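Starting from the given sequences, assemble the full structure and let the hints guide the process.
Protein chains in written order, with numbering that gives the first Met the number 0: chain A, 0 to 221; chain B, 0 to 242; chain C, 0 to 226.
One thing to keep in mind: the hints can contain errors.
Interface residues of chain C toward chain A, partial, derived using beta-carbon atoms under 8 Å [stated by the list, open to error]:
no. : residue
1   : Tyr2
2   : Gly44
3   : Leu69
4   : Ile163
5   : Ser186
No lab work stands behind these hints, which were simulated from the structure alone. For clarity, every value in this text was computed on a predicted model and none was experimentally measured. Think of the CB as a built atom: it goes at the ideal place given N, C-alpha and C, for glycine as much as any other residue.
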Amino acid sequence: MSGGFNANHLQFLLQGAGWTLLLSVIAFAGGGLVGFVVALCRISPLKPLRWASLGYVQLVQGTPLLILMFLAYFGLSILGFSLPALVAAGISMTIYVSAYIGEIWRGCIQAVPRTQWEAAECLALSRVQRMALVVLPQALRIATPPTVGFMVQIVKNTSLASVVGFIELARAGQVVNNSLFEPFLVYMLVAGLYFLLCFPLSWWSRKLERRLVVAPRLEAAA
Amino acid sequence: MTTPVVQLDNVHKSFGALKVLDGVSFEVGKGEVTAIIGRSGSGKSTALRCIDRLEKIDQGRITVCGHQVSEPGLDLRQLRRDVGIVFQSYNLFPHLTAAENIALAPRHAKGRTRAEAREITERVLAQVGLSDKAACYPEQLSGGQQQRVAIARSLAMEPQVMLFDEVTSALDPQLTGEVLKVMADLAAGGMTMVLVTHEMAFARNVADTTIYMHGGRVWEQGGREMFDSPQTAELQQFLGNGL
Amino acid sequence: MTYRFDFSSVLAQWPLFMHGAWLTIKLSLLATLLGLLIGTLCAIGRGSRNTVIANACATYVEAIRNTPLLVQIFLVYFGLASIGLKVPAFVAALAAMVINVGAYTTEIMRAGIESIHRSQIEAAECLALSRVQIYWHVILRPAMERVYPALTSQFVLLMLATSITSQISAEELTAIANRVQSDTFRSFETYAVVAVFYVLLSLMMRGLFWAAGQALFTRRRKLGTPL
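What follows is the structure, given as structure tokens:
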């Protein structure tokens with residue numbers, strides 16, 4: 000048994016947490032961009048786009064993230080790139096997030112009442128104008144609580160980047176544990192750090208959801 | 000002197016600062032039909048709900064079928080085996096057919112066998128005139144039909160007294176008739192009934208006693224003559240609006 | 000690009016993959032059943048008037064939902080071993096998965112239970128049904144029908160998440176994929192084939208759940224409308 004848990008170990012874990020945050024932001028930004036395209040394709044009037052995006056979503060949602068990580072990691076090396084693990088992790092998380100958030104956003108767009116679409120159409124707005132000026136702003140409001148809720152999933156899923164060697168929080172925990180052999184202590188601490196990252200997002204998402212249910216009723220009463 | 004089936008004795012009840020029942024007393028004898036009428040907020044529904052212990056009273060005594068409803072030692076399930084109640088919004092179980100709705104309580108709360116429960120179900124469905132709707136789900140039935148199934152569901156427990164809480168108020172006018180007919184038949188068959196209703200004609204013609212409640216109190220009480228010559232100004236005004 | 004794809008050596012291992020898929024199914028179904036039981040009990044506990052029970056259930060749910068499954072698996076496997084409880088990888092994997100899916104199931108069942116209107120319970124009480132009978136016939140049965148789609152989605156996600164247990168060398172499809180790719184040196188092909196297996200498994204699971212739903216919920220089958 001080597002020396003006890005000290006400040007160095009804690010610092011290492013905190014650095015890992017920092018990388019977790021970075022990967023989460025990359026995943027959300029990249030996945031959000033692609034996911035937005037996916038959502039639009041899913042409701043496109045063009046059949047090939049609809050089918051292609053549906054196929055994409057079904058494929059990605061039917062594959063474990065861990066397998067996606069491996070595919071990105073080994074796929075990149077086949078293509079001749081020797082890029083850091085962050086890139087492989089970033090690409091696989093982007094693909095993963097895009098499929099799930101795409102579906103969430105599609106649902107939110109479709110949750111905007113049909114009457115809004117029709118009203119916009121009757122004002123002679125083009126499809127693009129209808130989307131951008133009338134539907135999407137309303138969909139945005141509906142989408143905020145589940146999107147914030149999904150951010151929690153993103154942060155947790157970055158833990159799988161550890162299997163491709165990316166030193167985020169979970170991997171940092173493994174490294175510290177390998178030198179200390181105190182798995183209970185180390186992993187409870189790691190869990191605690193994840194909790195500190197995730198719980199505020201969970202709480203915020205619930206608060207947004209409550210406000211979303213109450214606000215329309217208040218607006219209607221006014 | 001036979002003991003009354005339902006007896007309220009100086010019952011008081013408040014919801015917070017609002018006094019809803021202010022010394023209510025009345026009796027219902029075996030085989031009698033008592034109607035309770037009055038404006039919204041007069042306390043009539045609350046009084047009815049207190050009979051089946053859906054609300055607890057603050058003061059006074061309620062005795063139903065020999066049970067001391069207001070006492071803490073009450074066997075609630077036994078009380079509910081003796082008292083049947085039908086609600087304004089029917090409250091049928093949506094995931095069960097009409098027959099399953101009716102057979103549920105006899106099977107599980109009274110321990111009837113499957114064959115006995117089936118026989119009871121057929122009997123009460125025939126009684127309310129819905130034998131052909133046994134396999135229908137509530138959403139496939141009209142409001143009047145659902146309410147009749149609800150009545151059948153309570154009848155299947157073979158209660159000693161039936162309570163009706165404004166059971167036709169949520170129905171379209173053309174559907175109230177079929178429900179009132181079932182209730183009139185029940186009354187003719189000798190069932191002890193207490194009903195809160197806005198149907199003045201029904202109260203006047205079918206009920207043995209009608210109680211007019213106002214401001215949480217029994218204002219007037221009587222038979223048919225109460226409708227023909229109301230004693231108090233409040234009842235005169237109420238009936239003037241109603242009829 | 001000098002790499003030449005060679006799927007043949009990987010596809011030759013298909014009996015091994017089938018075995019891995021079977022292990023994954025076993026682990027998933029077991030975790031599903033136990034997770035549903037725990038989730039239902041915890042959902043009832045969450046609504047309990049006893050604040051100790053209600054808070055304990057809420058804490059359990061929040062703790063699990065805000066930490067990654069990977070860390071939970073490590074805690075169960077390595078953490079328990081370090082305090083003397085050495086369990087086989089399969090048991091640890093199952094335990095961690097049950098604890099994990101139990102928390103998510105609790106939230107889903109809670110939503111279902113809360114969707115049952117108070118008047119339904121009142122009507123059941125007035126029919127002299129006992130507390131347990133009311134819970135089963137009037138609350139849980141329709142609640143489960145209502146949240147069935149959410150439940151089945153959760154359980155398909157659970158099946159996909161079993162891949163994470165490969166990290167403690169539990170025997171399932173991903174662990175077998177790891178072995179095959181190190182034997183054949185065809186990593187990309189191996190994981191591509193295994194990805195297809197998982198997609199097929201999730202389609203199969205969804206089909207199975209749909210069929211079970213048709214069999215269990217007679218009303219839904221006959222009327223086709225949501226509850």
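A quick look at each hint next to the structure:
Hint status for tyrosine 2(C): holds, given a least beta-carbon distance of 5 Å to chain A, under 8 Å. About 19 Å separates the beta-carbon of glycine 44(C) from the nearest beta-carbon of chain A, more than 8 Å, and the hint is not met. Given the 8 Å rule on beta carbons, the hint for leucine 69(C) holds: about 4 Å separates it from the nearest Cβ of chain A. Checking isoleucine 163(C) against chain A: minimum C-beta separation of about 6 Å stays under 8 Å; hint holds.
For serine 186(C), the interface hint holds, since its Cβ comes within 8 Å of a Cβ in chain A; the closest pair sits about 4 Å apart.
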